Amino acid sequence: MMIVPLLWREAARFPAALAGSVALLVLVFLGHVAQAVALAWSMTAVLHGQARDVFLALALILGIALLRLVLSLAQVSAAARLGGQVRQAVRRRAMRAALVPERLHDTTARDGSMRASLGDGVDGIDAYVSKYVPAIVQLLLTCPIVVIALVVLSPWAGVCVAAGVVFALVGPMAWKRMMARRGLDHWDGYEALSADLLESLRGMATLRTLGDVSGTRERLDHRSEALRRATERVMRGSLGETAVTDAAVQGGAVAAAAVAIAHAVTGQAPAFEVYLILLLSSEAFRPIRDLSRHWHAGFLGLTAIPGLERIGAFTEQRDAAAVHTASGPDGGSGGGPGGGPGVGPAVGPGVGPAVGPAVGPAVGPAVGPAVGPAVGPAVGPAVGPAVGPAVGPGVGPAAGDPSADTLTVTGLSFRYPDAPADVVHDLDLTARRGSLTAIVGASGAGKSTLFDLLLGFLTPRAGSIDLDGRPLRTCDIAVVSQRPVLFAGTIRDNLTVTGATADADLVAACRDAGILDEIRGFPRGFDTEVTEAGTSLSGGQRQRLALARALLARRPVLLVDEPTSALDADRSADVVQTLHRVARDRIVIMISHRSETLTEVAHVLSLDSGHLHRSAP
Numbered sequence: 001m002m003i004v005p006l007l008w009r010e011a012a013r014f015p016a017a018l019a020g021s022v023a024l025l026v027l028v029f030l031g032h033v034a035q036a037v038a039l040a041w042s043m044t045a046v047l048h049g050q051a052r053d054v055f056l057a058l059a060l061i062l063g064i065a066l067l068r069l070v071l072s073l074a075q076v077s078a079a080a081r082l083g084g085q086v087r088q089a090v091r092r093r094a095m096r097a098a099l100v101p102e103r104l105h106d107t108t109a110r111d112g113s114m115r116a117s118l119g120d121g122v123d124g125i126d127a128y129v130s131k132y133v134p135a136i137v138q139l140l141l142t143c144p145i146v147v148i149a150l151v152v153l154s155p156w157a158g159v160c161v162a163a164g165v166v167f168a169l170v171g172p173m174a175w176k177r178m179m180a181r182r183g184l185d186h187w188d189g190y191e192a193l194s195a196d197l198l199e200s201l202r203g204m205a206t207l208r209t210l211g212d213v214s215g216t217r218e219r220l221d222h223r224s225e226a227l228r229r230a231t232e233r234v235m236r237g238s239l240g241e242t243a244v245t246d247a248a249v250q251g252g253a254v255a256a257a258a259v260a261i262a263h264a265v266t267g268q269a270p271a272f273e274v275y276l277i278l279l280l281s282s283e284a285f286r287p288i289r290d291l292s293r294h295w296h297a298g299f300l301g302l303t304a305i306p307g308l309e310r311i312g313a314f315t316e317q318r319d320a321a322a323v324h325t326a327s328g329p330d331g332g333s334g335g336g337p338g339g340g341p342g343v344g345p346a347v348g349p350g351v352g353p354a355v356g357p358a359v360g361p362a363v364g365p366a367v368g369p370a371v372g373p374a375v376g377p378a379v380g381p382a383v384g385p386a387v388g389p390a391v392g393p394g395v396g397p398a399a400g401d402p403s404a405d406t407l408t409v410t411g412l413s414f415r416y417p418d419a420p421a422d423v424v425h426d427l428d429l430t431a432r433r434g435s436l437t438a439i440v441g442a443s444g445a446g447k448s449t450l451f452d453l454l455l456g457f458l459t460p461r462a463g464s465i466d467l468d469g470r471p472l473r474t475c476d477i478a479v480v481s482q483r484p485v486l487f488a489g490t491i492r493d494n495l496t497v498t499g500a501t502a503d504a505d506l507v508a509a510c511r512d513a514g515i516l517d518e519i520r521g522f523p524r525g526f527d528t529e530v531t532e533a534g535t536s537l538s539g540g541q542r543q544r545l546a547l548a549r550a551l552l553a554r555r556p557v558l559l560v561d562e563p564t565s566a567l568d569a570d571r572s573a574d575v576v577q578t579l580h581r582v583a584r585d586r587i588v589i590m591i592s593h594r595s596e597t598l599t600e601v602a603h604v605l606s607l608d609s610g611h612l613h614r615s616a617p
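In my numbering, the protein residues as written are 1 to 617.
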């Protein structure tokens, strides 16, 4: 018997569902006991040639069997309801904890590991909570009753059964530490294989180009072999544990049967009591057999607990509905790869964090390619409730004030943990509506860090970020990342995630983004299908479609990360002209490595050594 206080607390969060499941399980067991009594009565009647009692007993057995069937169906439904509530609560907290800015810079987090924890790990917890926990309560309530009844019928039979029950529960404890260690090794191997496989699928084209297919295959084979060995070690330990339990169950039942036979031979007890001792001895061990079966069903979830704890699935989160400001963390949204800005804040209510590639396939197939069909059903039901609250009110299309004039950054400083110096130091910046502001700088100069600070993904060590004299909020910002995330579906689906559904709004945004003519050139227009990650579109089309989506969010501040990185000179010039048009009615800040594309930009700043300097375009 394995008691995990963490999961018992999760089950106790839903007392009504837990009590209902346990009560029905106890009633089902009492049905088995009642049927055993009726069966003993029928066999006694047969022995004594009492035909009337035989038929009455058989009718009673049939009635009890039908009632037990109804109760069993109700108990299965109640257990599923309890497991579903716990699963949803754990997954919601895990999603909220995973979709926070700090995760963007967590070098130990891997998307495949998170997918395994949020999917199979949480499902394993469901099995433990919905089946194993009620089975333990049932055992504690019913086994003593049956043992007491046996003691009344025959003290020796009661002692034999009691000894068998105690040994069946205590004996496997010798395997507890070993099973826990082997279980953790098994889960670590499972997570590692999941992470490596997902990473390999994502980078398949690159691996083929680099000629590392055979090396990748060998690494996956090594992971698979390690998981196989870990699984076999767990199975060997489990078989030993099961052998001890079965030996105790069978030994107790056989000893009680021997006592019953002795009573029958010596005539110390009537036939009814002898039959009843035999049948109740078997029923006394039914809860233990059920417990052993449910233990194996929930074992995978137990091994996943450390991984879920690392994510924060069992920790009550602070109110994630607060909006993140520069002066302190209060629940930001998703971001781009490698800590760069993503498209989270721009996409509207309930979707924001999910679209950040840094979250990856832990959220489901919609977030990135090569996740696999098994991920969606596992995590899908929790995505909605988990993601929506994490973004909080005021993140929808109308959340920002579209008439803001000035974004002011004053004395901003930030240093990564364990870093020797500030990445951004005492930085000042003023960006105004009506003009495009460009920030240039060498790779590693801190441009993406500055964007993360503006987005609220990072908390500055000092300084402030204000919009028209008030702290900048996440809901004030729309973002177009360097690698924008598009979803499988139509162009219309990708645009309407912001909440805008009117065709006139879509047309206006696409016209401003410079992609309307190309969309109209497609045979199905806005209903043209887009593949996962937008691979059916060119790099420039993805950039401009993401820009149109950001415009539909109607935020007063637009951040654009390397919009020309994947474009030729002509397309780059078109994008810059588009940003000039967009900047007429909002504050637009762009990052660029290519200074040659900024010849028409009047406000160009160079980021160097943590400071911004005026730069000639």
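It should be emphasised that the hints constitute simulated quantities derived from the structure, not laboratory data.
Fair warning: this is a prediction, and the values are worked out from it, not measured in the lab.
Be aware that a few hints might be false.
Claimed, not checked - Across the chosen pairs, the derived CB separations fall in these ranges:
| hint | residue 1 | residue 2 | range |
| --- | --- | --- | --- |
| 1 | 204 | 69 | 47 to 57 Å |
| 2 | 48 | 16 | 42 to 52 Å |
| 3 | 293 | 16 | 23 to 33 Å |
| 4 | 490 | 293 | 22 to 32 Å |
| 5 | 470 | 84 | 53 to 63 Å |
Every residue, glycine too, gets a C-beta built ideally from N, C-alpha and C.
Hints and how they fare:
A beta carbon spacing of about 51 Å between residue 204 and residue 69 agrees with the range 47 to 57 Å that was offered as a hint. For the pair residue 48 and residue 16, the beta carbons lie near 48 Å from each other, so the given range of 42 to 52 Å is met. Distance hint check for residue 293 and residue 16: the Cβ-Cβ separation is about 26 Å, which falls inside the suggested range of 23 to 33 Å. One distance hint, 22 to 32 Å for the beta-carbon pair residue 490 and residue 293, is violated here, with the actual separation near 47 Å.
With their beta carbons about 43 Å apart, residue 470 and residue 84 fall outside the hinted range of 53 to 63 Å.
Going down the numbered hints, you'll see the structure goes against 4, 5, while the others check out.
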